[in-house]
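Protein chains in written order, with the numbering used here: chain A, 1 to 335; chain B, 336 to 670.
Derived by calculation from the structure, the hints in this document are not laboratory data. Some hints here could point you the wrong way.
Claimed, not checked - Using C-beta positions, here's what the derived DEER-type ranges look like:
1) B/S652 with A/G76: 22 to 32 Å
2) B/I587 with A/G14: 38 to 48 Å
3) A/G156 with B/Q628: 45 to 55 Å
4) B/P649 with A/E99: 21 to 31 Å
5) B/K400 with A/D267: 47 to 57 Å
6) A/T222 with B/G590: 34 to 44 Å
7) A/D267 with B/I587: 55 to 65 Å
8) A/R146 with B/G491: 19 to 29 Å
9) B/S348 with A/E99: 28 to 38 Å
10) B/R339 with A/R297: 25 to 35 Å
Said to hold, decoys possible - Every beta carbon over 10 Å from chain B, so not counted as near; a handful from chain A, in silico:
11) E50
12) T51
13) C142
14) R158
15) T220
16) Q293
In this text, a Cβ means the ideal position worked out from N, Cα and C, and glycines have one as well.
Here is what each chain is made of, one letter per residue.
Number of protein chains: 2
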Amino acid sequence: MAKRIGEATIELSGKAGISQSVGIAGSKELAGPLGQYFDIAFKDDKLGQETWEKAESTLQTTAVKTLLKKAELMEGDIDVIFAGDLLNQCISSTFGLRELGIPLYGQYGACSTMAQTIAVASVFVESGAANRAAAVTSSHFCSAERQFRLPIEYGGQRTPTAQWTVTGAGAALIETDSQIKVKHLTTGRIVDLSVKDATNMGAAMAPAAADTIFRYLRDTGTTAFDYDLILTGDLGKIGSELLCQLLQRQGIEIGFNHQDCGCLIYDIEGQDVHAGGSGCGCCGSVFCSYIMQRLQRRELNHILFIATGALMSPTSSQQGESIPGIAHLLHITAE
Amino acid sequence: MAKRIGEATIELSGKAGISQSVGIAGSKELAGPLGQYFDIAFKDDKLGQETWEKAESTLQTTAVKTLLKKAELMEGDIDVIFAGDLLNQCISSTFGLRELGIPLYGQYGACSTMAQTIAVASVFVESGAANRAAAVTSSHFCSAERQFRLPIEYGGQRTPTAQWTVTGAGAALIETDSQIKVKHLTTGRIVDLSVKDATNMGAAMAPAAADTIFRYLRDTGTTAFDYDLILTGDLGKIGSELLCQLLQRQGIEIGFNHQDCGCLIYDIEGQDVHAGGSGCGCCGSVFCSYIMQRLQRRELNHILFIATGALMSPTSSQQGESIPGIAHLLHITAE
Numbered sequence: 001m002a003k004r005i006g007e008a009t010i011e012l013s014g015k016a017g018i019s020q021s022v023g024i025a026g027s028k029e030l031a032g033p034l035g036q037y038f039d040i041a042f043k044d045d046k047l048g049q050e051t052w053e054k055a056e057s058t059l060q061t062t063a064v065k066t067l068l069k070k071a072e073l074m075e076g077d078i079d080v081i082f083a084g085d086l087l088n089q090c091i092s093s094t095f096g097l098r099e100l101g102i103p104l105y106g107q108y109g110a111c112s113t114m115a116q117t118i119a120v121a122s123v124f125v126e127s128g129a130a131n132r133a134a135a136v137t138s139s140h141f142c143s144a145e146r147q148f149r150l151p152i153e154y155g156g157q158r159t160p161t162a163q164w165t166v167t168g169a170g171a172a173l174i175e176t177d178s179q180i181k182v183k184h185l186t187t188g189r190i191v192d193l194s195v196k197d198a199t200n201m202g203a204a205m206a207p208a209a210a211d212t213i214f215r216y217l218r219d220t221g222t223t224a225f226d227y228d229l230i231l232t233g234d235l236g237k238i239g240s241e242l243l244c245q246l247l248q249r250q251g252i253e254i255g256f257n258h259q260d261c262g263c264l265i266y267d268i269e270g271q272d273v274h275a276g277g278s279g280c281g282c283c284g285s286v287f288c289s290y291i292m293q294r295l296q297r298r299e300l301n302h303i304l305f306i307a308t309g310a311l312m313s314p315t316s317s318q319q320g321e322s323i324p325g326i327a328h329l330l331h332i333t334a335e
Numbered sequence: 336m337a338k339r340i341g342e343a344t345i346e347l348s349g350k351a352g353i354s355q356s357v358g359i360a361g362s363k364e365l366a367g368p369l370g371q372y373f374d375i376a377f378k379d380d381k382l383g384q385e386t387w388e389k390a391e392s393t394l395q396t397t398a399v400k401t402l403l404k405k406a407e408l409m410e411g412d413i414d415v416i417f418a419g420d421l422l423n424q425c426i427s428s429t430f431g432l433r434e435l436g437i438p439l440y441g442q443y444g445a446c447s448t449m450a451q452t453i454a455v456a457s458v459f460v461e462s463g464a465a466n467r468a469a470a471v472t473s474s475h476f477c478s479a480e481r482q483f484r485l486p487i488e489y490g491g492q493r494t495p496t497a498q499w500t501v502t503g504a505g506a507a508l509i510e511t512d513s514q515i516k517v518k519h520l521t522t523g524r525i526v527d528l529s530v531k532d533a534t535n536m537g538a539a540m541a542p543a544a545a546d547t548i549f550r551y552l553r554d555t556g557t558t559a560f561d562y563d564l565i566l567t568g569d570l571g572k573i574g575s576e577l578l579c580q581l582l583q584r585q586g587i588e589i590g591f592n593h594q595d596c597g598c599l600i601y602d603i604e605g606q607d608v609h610a611g612g613s614g615c616g617c618c619g620s621v622f623c624s625y626i627m628q629r630l631q632r633r634e635l636n637h638i639l640f641i642a643t644g645a646l647m648s649p650t651s652s653q654q655g656e657s658i659p660g661i662a663h664l665l666h667i668t669a670e
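Could you build all of it, start to finish, from the sequences and the hints given here?
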């Protein structure tokens, strides 16, 4: 049974764990510092498809098929998939997972989706509602650019605060009897400090990350010193600095063991990605490859993984709305 | 603890139930056969807001605030909300629930969202991960028309197979010690029989409903005679007929106790809604008002509630894709 501790944190019994995972990437990510860790990297960013959206769907198909292969499972062995992405009506997930015939609950947490899907899948396994569940997400630079900003053919200039949407996907298998345990969850709540600049997502999401980390540490009575790594999803360079500042104001120091997937995945200066990586596929691919591999090798034993999302749409921004942020936290241990 | 039975069905222990619910509607729904059952109906479909999207957000805000009032609870008494809608990036949920400060996992199941949110919330309560959870969804005729089809100002003609998106919302409170129990869940899988007509959603979704009902009845060894009502979400007139035909081919008769929220909510001939109602708010508002009231009065004791969703987007349709359907089932009892 799960247990609620403090105001906002869920303590799982240790039943649910991540037994296998897959990180998929595109060409720019392959050329970055983590290139060697991805299970599969596509040099053709269209993945042989006609459109960017179909290419992104193929990232999810590939992620789940590779996950099944690594775990030596068939589609019918997975009880339920939790999947989501950034595209309108989550079509990367729908069309990417359509052929698999696995029961599906679509999730929408914007770039927080990797932590959200693992969290919900873990609760399903904890309760006995699923024996095996998969958590999946993706993003694609070109499908995201044309949906949220401008078609890439337009060649629009990017601001220094802009982040580069990762072409990539992550898939994780959640089941019992794994040594990589999901021990605690803190569900994010919407935090909106009225940031309206859609080219500065790090600033919009940092307050939500600070809120969730603060509530988790308070609920568990722990400090950053109790963890080997505090890993955020895609705050990038600017959002990461803001997160550390916001927590410092509350007397919490995390800078010494904080890292951000958006800063890890690219050589920020050398690859011209401005403030770093972003998108569901950013922490999706980084967590499910590089970080999971470090947990499996016991280079990391206790980590906090906090994926952040910006819950706006082009329509809400055009209507003058600010950008609400959210951040979901997982405490993961390697035993 | 939950238990898996058969291939696809989850049996809950009886811990999780729906203790309170709220159905909200617009003016056309108020004028329909169920007008008297809604908790609140707005005569002004803009709800005093500047845009249709903000009006839809206000439907969700109103639904949750009314739910809290009916249950005599404060925002802090709800551990987590599961919410979703049809708009790009689920902005009705985000902006509608932003001010409440309640932890949120966004859900995307298109028009299946009401059953999905109750299902996931029930598993959270079953596991102990939440003591109280809310399940929320909405849709709005005008925000849906302009996003999925044409702006209403264009005055486009509607085909006879088209359905009318309901302006409405539903909110349900899931907790322990309720007499309206969620006993079984069957998670839908994507079913796509290559229907491409975006003005005939009933035909696109009926195969998914048939698949989920078939799997549930097989897993539980029950027949339609074991239930007082088999209630589908928003198949409308055409989809309902197709559902009955598809199940008949498999030797299953449900016509004698099947009803569809899309057929119940409007006077189909008199209100000129062609094939009936649709949208997340269709079964959201009907289930959370009229149906829940009948369960509370014990006019209904055992029902199956199957909400169906069409998981396409305008982009996927423009790219020549067919319309994948999904249907999630709940077995609900009044004890």
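Now the hints, each set against the structure:
1. Between B/S652 and A/G76 the beta carbons are some 30 Å apart, a value that agrees with the proposed interval 22 to 32 Å.
2. Judged by the Cβ atoms, the range 38 to 48 Å given for B/I587 and A/G14 holds: they are separated by roughly 42 Å.
3. Checked against the given bound of 45 to 55 Å, the beta carbons of A/G156 and B/Q628, roughly 53 Å apart, stay inside it.
4. At roughly 22 Å, the beta-carbon separation of B/P649 and A/E99 lies within the given 21 to 31 Å, and the hint holds.
5. Evaluation of the 47 to 57 Å hint for B/K400 and A/D267 yields a pass: the beta carbon distance comes to about 49 Å.
6. Here the CB-CB span from A/T222 to B/G590 is close to 58 Å, at odds with the stated 34 to 44 Å.
7. Separated by about 59 Å at the C-beta atoms, A/D267 and B/I587 satisfy the suggested range of 55 to 65 Å.
8. At about 26 Å, the beta-carbon gap between A/R146 and B/G491 stays in the expected band of 19 to 29 Å.
9. One distance hint, 28 to 38 Å for the beta-carbon pair B/S348 and A/E99, holds here, with the actual separation near 34 Å.
10. A beta carbon spacing of about 33 Å between B/R339 and A/R297 agrees with the range 25 to 35 Å that was offered as a hint.
11. A Cβ of chain B approaches the Cβ of A/E50 within 10 Å, the least distance being about 7 Å, so the stated non-interface status is violated.
12. Listed as a non-interface residue, A/T51 fails to keep its Cβ farther than 10 Å from every Cβ of chain B; the least gap is roughly 5 Å.
13. At the 10 Å boundary, the C-beta of A/C142 stays outside the reach of chain B, the nearest C-beta of that chain being 13 Å off.
14. Residue placement check: A/R158 keeps its beta carbon more than 10 Å from all beta carbons of chain B (closest about 21 Å).
15. No Cβ of chain B approaches the Cβ of A/T220 within 10 Å, the least distance being about 15 Å, so the stated non-interface status holds.
16. The beta carbon of A/Q293 is kept farther than 10 Å from every beta carbon of chain B, the shortest such distance being approximately 27 Å.
Hint check: violations occur at hints 6, 11 and 12; the rest are consistent with the structure.
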